[in-house]
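Colleague: These are the residues of each chain, in order.
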Amino acid sequence: MKKIIIIITFLFISLSFSFALTLQDIKVKIVVTIAHALVKSKNVKVDLNDKNFLYGINGKKGDVVFVKNCKKADIIITDSIKYIQKNCRNKLIFVTNYRAYKTTPNAVGALFWQKGRPVIIFNKKVIRKKHINLPDQFKQYED
Amino acid sequence: MSFSCISNAYNLNSLLFQYAQKADLSSQTKKESAGYLIVFTRADLDRMKIKSLKELINYIPLLRYNENACGLSDVAYAPYQFNTLNPLIIYINDREILAPFSGNGFQLLGQMDLSYIDHIEVYMGIPSYEVGFDTATMVIKMYTKKGYRENATIGGAYGGSYGTFDTYFYQANTNNDYSYLLYLNHRKLNRKKIKRQSAIYDKTYSLSRNKETYDFYGEIENKNYRLELQADAGNMDNFIGKSWDMSVNKNNTDFYYLYGGIYYTSDDKSLKASLNYSYDFSNNIQDSDSPLGFIPVRVSSPFSDSYYTYLFKYNRMNVDLEEQMSDLKLLKTFKIKKDTLIVGARARYKKFVFTKQELGNKTIDVNIPGGSYNTEYVLSAYIENHYSFNPKNMFIIAAKTDRYFENGGVDNMYLYSGRIGYIFNNNTWTFKTFVFFGGLPPSPYVLYYQKLLSKDSVSPQKAASISGELIYRYDNSALSLMGSSSCYRNSIYFDGKKYENFSKKEKLNNISLTYTYNFDPLNSITFNGWIYYLDGKQFYKFYGGYVTLFNSVGRFDLYNSVSYRDGYANKPAFNLNSTVTYHASRNLTLYLKGNNLLNRAITTDYYRINPLNGKKTVLNDVSVFDRTVWLGLEYKF
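Chains F and A, in that order, give the protein sequences. 110 is the number that my numbering gives to position 71 of the first sequence; each next residue is one higher, with no gaps. 23 is the number that my numbering gives to position 20 of the second sequence; each next residue is one higher, with no gaps.
In case anyone wonders, no lab produced these hints; they're calculated from the structure. Backbone N, C-alpha and C fix where the C-beta goes; we use that ideal spot for every residue, glycine too. Where hints are given, some of them may not hold.
To be verified - Pulled a few chain F residues facing chain A out of the computed Cβ check, cut under 7 Å: (1) Y137; (2) K141; (3) Q153.
To be verified - Derived DEER-like restraints, expressed as beta-carbon distance ranges: (4) F172(A) / I171(F): 34 to 40 Å; (5) L591(A) / I171(F): 53 to 59 Å; (6) N129(F) / L591(A): 35 to 41 Å; (7) K338(A) / K107(F): 45 to 51 Å; (8) Y425(A) / N91(F): 32 to 38 Å; (9) Y425(A) / I171(F): 39 to 45 Å; (10) Y352(A) / N97(F): 52 to 58 Å.
For reference, chain A alone in the conformation it holds in the complex (with noise of 0.2 Å):
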């Protein structure tokens, strides 16, 4: 390296944003050898003025954006069909995030705000159990903003359409000994309201989205322990929830969340060990113009298990749920010559309490079938072992089981999977493949309802996939294809009346090619296409990708991305986001933050069928990404 003639000319600025790429945290908490990585840099997210997490599904390949009746973020939501299987599981650092009926946690993250998230990696392709206990088609990965890289009070505001108003700030600090990590967060989330002009009633209805959340957020941590603290609270109006035709005078959900988490952490010793808790409440109140459900009565025959009659029908609930949920981790590395092998075991309490069912003018108890189901225990453990031929190779070959002790007269399920693994890398290519093999538990919710509409039971789904990355890099680009091919057994549908493992084989296959060139360290593009086919219970095809541009001049940063979606019920769609931020002084940045501004992003359809008498009602081309536009301002104290 020669630094003689152009030392003086170092452009300062320059090299400290290679600076800030190189040593992101995320190189520290990367796992390349867990699956098919894509990395959100803090400075990628500054750029992009990523606010919530829904904005990033645009630049995750084979996935498509969408949200369910009750306006909550779903990337699996079909319409009129129930959830089935999330492939999507959300970290916080090493928390799992999760809903513990509804087995979802991207519902309860996909549009709160990200102000105290340093970066962001995505892995996919059924990622290594070291990523997550959970088996997942897909791993996000969410981490915490660290004391000792923040220095600094910040505060920050942000506005515009719609009335949307968000106000953060945080303080992250260290000294020798220990850092810190304090965030509150106000989000007013105005969306744009859905008309809807209903004949039956003559009346038109308005459906909102609106959220309103309180967040905090604390942590603390130390060379061996941390301590993570979480309450959020609030607010939102859940759409069309479950109204028979869409005639919602009322539905709204008030909900706290309280967490609390500490970690052990030893290199010296090679050990992790976690314990957590976490406690949730909502009420929610649904008040309709046609009824929301009826309470069925099931009539057995030698023939058929279906119902053919019911007790009484409501047009307004008041339903209150609890959930808890607990686990105890521990995570043992043991390093022998070329051998890495690491040993993991899990035991977690699940529960979920409807406290109150207030179901019209009747108060209902929990003695209706599947009413007496509320406690889920799993018992998880794992051995993955990494062997290092070189530098450059490496094989892997890991098994799972679980046990999950459910309550209620719902059978427990035993599960296993095993992955094998080989991964090639120098410095210019990196091969790897992964194959998957193992079963998918069906979520706590899914059992519920299956108990309450049939006697019959559903079994884990089982999958087994093959897939592959190629990367290949040269001078300032890089090129990366990745494909899998898979199949599915016992994969669960909702027939209309209860849920029905699918008898047939699912194949769905994918690939996705993303090519990326640096004109410099300040300036890049990235272009990604992607194909998805799912052959099933349905057959259909999505297709996506998107054009990023990342740009630095002066004083300002921009941004623009055009994504695309297309396939399946979707119309093709282009989402244009931009982003242009101002860095005033060195305390005091301003920026303009477009969403969808062809107004031309995906949009998604709802439909309810009256079980009684099979009458439709439909409401189409709903865009689940608003035309938006926000004004901010971040201020360092």
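Next comes chain F alone, as it looks inside the complex (with noise of 0.2 Å):
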């Protein structure tokens, strides 16, 4: 009874704590999820090269960590492929505009806006060059 109680309490505490996310807290949470979908390794690095997507998040966060050297990264999120170095180009490359995917033949997918909703979007034709296998439930946004 007492484990029960327990359970409740904790799904309540994780319910409540949910909707007072703020939008910092949002992003991380999908960045963090797409790294795992992406990357299956436990430690996923990920580079943010975006500003005015996310900024000064640093470290571990969960099984996620951010890393600032873009050599360093699994994946590197970006809004443009001009602000990575060249020697970092045939790393994954997420970007985060509409105009990027677009521009980025080589982008595994993007985070952007449309008819005023967040899109996310993952590139097969990259996807399967780069033998990622993108869990299920993430078919769905296979472009």
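Two chains, each in its own frame: build the complex with the hints.
Modeller: The following block contains the structure:
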């Protein structure tokens, strides 16, 4: 009985906190979710390269490590490929606006606004080329 | 915050929805300190599939949607009471939508398409001058879609009951330097026709409120400048119009509206400036078996100011009205430590000319009394100070002055108003209170007809109001209690012959309670109830409320709502609205939308009094919301 009360309390607290998230918390959660979908290793390294999207996130968030050096990163999140060092451009690049997605053929995916809603897209060609196996629940986001 | 055990299990759709809500454009535009705020986000409007502003009135406390004898949206309509004070001012972005003559924008916009609108903010309780220069008990601000949030080309269509059909197309995009929106709409809004049998003429009349409109809206903006253009044209059937016993053979208006505005915003200089110009033209033709009006002859005596005779009656009228409005606005903000000082000024020009008045077989020139009144200049200036004691407590004080310069022998008006407020806000509680005192001007419509009807002038109304709101947020819920008590002097009413100022005080009290529970980010329920008392020339109570339920199940979005209105001359009314949206693919959306499904929505009464013999003609229980079902689709190219 005690366990049930603890579980119910935990669920209640989890649900309660879910609505108190700040915009930054939500963006971090989205990045973490995307990172885990793209890279299966336990400590995925993400380089945030778009200050307008997310700023000042360092260290470990769950199983994702935010790094400042693109060479160490598994995934680079940016609003334009021109801001990425040339020797990092073969990494997984995830872009944060629609125009960058249209002009960056090797972008693995994008998060951008369309019809007033945030949209996530994974580029099917790049996914195949990089031999990424997206989890089933993410297939709906393939372009 | 812990991500370890559940990070992979985050529901991405749910996260994206939360992201959409938190980063909604309203988070950049809303002004919490400006009044009591209700926000309809882009996601809300999308799920409701709101197709005109009149539908939204059901979810705004203290308002009762109604339509006047011309079939135009009018929340202040009461049978046989001419327009006196418009409680509602509507903005598209920073532009006030206003018919210069009637002083009412809701009549223009109430039944037009809203597909180019992103989100809507409602400010209740005589909001700050920062929201709108003109004093109003309520301000509705509609914000257009932005290219940087759309990145799409959209086509849509819907149709259904009574042969209504609407098509729209918009393209909105951005590059790094600018973004734009182009929008086109054609709407054929067919309404239920009201049949009326006339014993006098032994004839059945079909009273129509159909409207057909063509709209264009364009907007281009960069970091500092925004250019807005709008062009609307159409025709509408104007229901009863002026017919003395509602024996209408024809009542139709053709119109067009042109608008251009340029806006400058500099965050570095804390400066906003805008220049607007609008022009509209309307031609109204009415033909009736009974008279539509008469040209009176005013007989003055030392004892009274009434009409004892008339020159002639007319059964047909053909009237052209041209209106122009232009304004220049400046807004400068100064930040000094804990003080934010906002200084605003506006110069406005309004012109309204009846370029043609064919009454019966006679053409009336502007030499009739009042006819020479056609121009109003308004100069307004305000100063507002926000003092933040700390991040949780804010004190607000504001003052405004308006100078109305009228031509044609109409008296100029000098108005002053002030506003004091206090706001407390933490994560759990919000408390706001405001005190307002000041004058409210009559519209040019009232001034024009008063000049025509009487040698007496009407004075501006004076209002004093105290209001407050308490919001309590806990877990996934929010509870809000809002109330106000107001006192009006010099209320303007029509006594059957001319406008008068009511000599006694008019008291207005209201209270509204709203509770929202979020089951999860995609599913929520809201309850609202309100009471509105007016004790003045008339005494009446209104009651209202709604229950609204939003749900998302797989690819379906569901919206269901019942709103309730009761009191005054209305029977208890329930309006059930439902929308089912199916996201067939990333590009295609289908939806089914039902309005007034119970056929028990609010009804209104119309009556006409023959001014020569006093005979009254009545048309009761006309539903202002038709029972309709619309099927629609939207495609992203």
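Colleague: Check each numbered hint from earlier against the structure, then list the numbers of those it violates in ascending order.
Modeller: Those not satisfied are hints 2, 5, 7, 9.
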